[in-house]
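Visitor: Residues per chain, in single letters:
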Amino acid sequence: MESLHSNINAKLTTNNIKKLAKNRITTIRDFLEEDVERVANILQLGLPCILEIRNNIFEHYSAPLLLGPSLLENYSTKQKFLKTGIISIDTILDGGLPIGFITEICGLAGSGKTQLCLQLSINTVKYSQKVVLYIDTKGDFSANRIQEIIEAQGLSHREMAIIMLKIKVANVFSMPDLLHLLEKIKTKEIVLDNLSLIIIDSLPSLMLQHFGDNNKIGLTFLNQFVNLSREISKEMELCVVCVNIETRWVDIDQTDLDDDYNTNLTVQEPSFLEKKNRCLGKYWCNIPVLVLTLERSLIDKGKDSSNITVSLQNFNNLSDNSKTIFLSINMLGVT
Amino acid sequence: MCSEFKIFNATEIWQRETSLPSVPTFSQTLDGVLGNGGIQLGSIYEFLGLPGTGKTQICLQLCASVQIPKELGGLNAEAIYIDTNTNFTKTRFKEILSASLERCRKMLSDRKYDENAALKRLHYVKALGLERFCSLIHMLPDIISERPNVRLIVIDSITFPFKEGVTVKHRTGLLFRLIAEVQKLAMDKRIAVVLTNEMSTRIGLSTGSLVGAFGDAWAHRCNKRILLSAPEPLHKERLAALIKSNNSPETAGKFQITNGGIRDV
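Protein chains in written order, with UniProt numbering: chain R, 1 to 335; chain Y, 1 to 265.
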């Protein structure tokens, strides 16, 4: 909470602030919550004075009122999409990842999530000369692999160095640390010029540390994380990409036992139903605006390259839903 | 709580990564499958396989390989072996160690092999039961700081402590917390971590019913996963397949387990 300071109103002199502090009124919130008459008593000021200070605070701190036309103008001048540089993704998304929103990449282990993230980092720097922050929670960021991809694309060492300098990496091993980092980005304690993409690879390896706790602390962290990332992505006009994982459930298809005796005797091959489930729970389910689900396709497996199917779920533009595209991963990266 | 965040750029990471050496397995094919010429320091490797496919043998070999002298491009370092399952046998380790170091000695004709000194460079911990295992992991930073020359931590196996005394729900949380701590240590101190995991069955899964234990969520956690299999039981030959990796393509290769440890076929 912000503490009281003289900028709010000239009557809040250092002396007066000290007087308030003696009565345990230090922050703006304390001030507002305290009884007006008591504050007037402490400061030896008239009631109108105190009400004026209160009004000043309200004016200064309340969220601004925006009119429709200015919103529309803002919207039409702002960049809405971040080009991914992967042609099929850009076409299907009308230009790229939505700026100001959370995007999720999910899939089973080894389906190419990290590879896609590395490619996104390279392409963002390459095509828009912006800076990428890669938050690595399980040591999966491989600069060697980055270098390999850039080199395979035939760029010079100079260009390679420029790209690699603009990919920033932070290692984070717990939820509180992640929140801390985002908080510092929000308050501009950590400044990364031209930041346009934050990738978190992966969120579940932090969140699952709180799995099974009875105090639901994990949910609190997740909530804080969502709020922070939404705020940062809107304020600083950037994309937040979270890597999520998929798990599988197997159900046995129940055959009807009420059938007559004879059919029960015939041995039936049990049939199974495989369900895929995005991790991080029901709350998270509706948080990302765009979900890219990766799946390795087993067919057409060439040497040194593997194909992945990406299916789309866009909550902002429902017409995009259940579209799929095909990508391939090889030495050259993801294309 | 960490208050200072170090944000690196990719060039710095690249420098760090390329300067990190690897622990070889004594089989070039297996090194090739692993991707970086062996087990790279700073990463977590998970070996999966049915009983008898060579998980423990690879661990023992790595504990010996970490001692290869500097003159031969080795690390000349020490290893910690965390035994949760009493898989470790001293005689077998002695066998592998002397065979491996004997090979090194031949190349450096003047060196004398001192078995006792070599054995002292393996720090063996028996951690039976979940409580002991968890306490040990919490103590690891202290253990490592007292033994700065340790470059390899082997946990054989990660599955065993979690077999009883913990519910499935708590297991995931605990496991992820422990591994985060281990990884932090591994990256800070440039130590390679090798885990072994068992297989379990999930009937009805489309990709085959034999999967690694701990489920799909855990499958993501380690940087590299290697599946071991024995195509012909009672035979020396083994297959290793890289099924997940952050930086190298997925391949498979053959190796064999000899009296002297892991070797090429």
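Bear in mind the hints are in silico, worked out from the structure with no lab data behind them.
Quantities reported herein were computed from a predicted structural model and do not represent experimental measurements.
The reader is advised that the hints may include incorrect statements.
Said to hold, decoys possible - Taking lysine-lysine pairs in the DSS-like style, the calculated list, with each CA pair at most 25 Å apart, reads:
(1) Y:Lys-169 to Y:Lys-189
(2) Y:Lys-184 to R:Lys-184
(3) R:Lys-78 to R:Lys-126
(4) R:Lys-216 to Y:Lys-169
(5) R:Lys-80 to R:Lys-130
(6) R:Lys-186 to Y:Lys-6
(7) R:Lys-234 to R:Lys-130
(8) R:Lys-130 to R:Lys-186
(9) Y:Lys-6 to R:Lys-188
(10) Y:Lys-126 to Y:Lys-112
(11) Y:Lys-6 to R:Lys-130
(12) Y:Lys-94 to Y:Lys-6
(13) Y:Lys-126 to Y:Lys-70
(14) R:Lys-22 to R:Lys-78
(15) Y:Lys-120 to Y:Lys-169
(16) Y:Lys-120 to R:Lys-282
(17) R:Lys-83 to R:Lys-186
(18) R:Lys-323 to R:Lys-83
(19) Y:Lys-126 to Y:Lys-94
(20) Y:Lys-184 to R:Lys-276
(21) R:Lys-276 to R:Lys-234
(22) R:Lys-216 to R:Lys-188
(23) Y:Lys-189 to Y:Lys-163
(24) R:Lys-78 to R:Lys-186
(25) Y:Lys-6 to R:Lys-184
(26) R:Lys-275 to Y:Lys-169
(27) R:Lys-126 to R:Lys-234
Visitor: Please go over all the hints and tell whether each is borne out by the structure.
Guide: To see whether the hints hold, each was checked on the structure:
no.	hint	verdict
1	Y:Lys-169 to Y:Lys-189	violated, 31 Å
2	Y:Lys-184 to R:Lys-184	holds, 21 Å
3	R:Lys-78 to R:Lys-126	holds, 21 Å
4	R:Lys-216 to Y:Lys-169	holds, 13 Å
5	R:Lys-80 to R:Lys-130	holds, 15 Å
6	R:Lys-186 to Y:Lys-6	holds, 17 Å
7	R:Lys-234 to R:Lys-130	holds, 17 Å
8	R:Lys-130 to R:Lys-186	holds, 18 Å
9	Y:Lys-6 to R:Lys-188	holds, 15 Å
10	Y:Lys-126 to Y:Lys-112	violated, 31 Å
11	Y:Lys-6 to R:Lys-130	holds, 20 Å
12	Y:Lys-94 to Y:Lys-6	violated, 43 Å
13	Y:Lys-126 to Y:Lys-70	violated, 29 Å
14	R:Lys-22 to R:Lys-78	violated, 48 Å
15	Y:Lys-120 to Y:Lys-169	violated, 40 Å
16	Y:Lys-120 to R:Lys-282	violated, 52 Å
17	R:Lys-83 to R:Lys-186	holds, 24 Å
18	R:Lys-323 to R:Lys-83	holds, 19 Å
19	Y:Lys-126 to Y:Lys-94	holds, 18 Å
20	Y:Lys-184 to R:Lys-276	violated, 31 Å
21	R:Lys-276 to R:Lys-234	violated, 31 Å
22	R:Lys-216 to R:Lys-188	violated, 30 Å
23	Y:Lys-189 to Y:Lys-163	violated, 30 Å
24	R:Lys-78 to R:Lys-186	holds, 20 Å
25	Y:Lys-6 to R:Lys-184	holds, 12 Å
26	R:Lys-275 to Y:Lys-169	holds, 19 Å
27	R:Lys-126 to R:Lys-234	holds, 23 Å
Checked against the numbered hints given earlier, this structure breaks hints 1, 10, 12, 13, 14, 15, 16, 20, 21, 22, 23; the rest are met.
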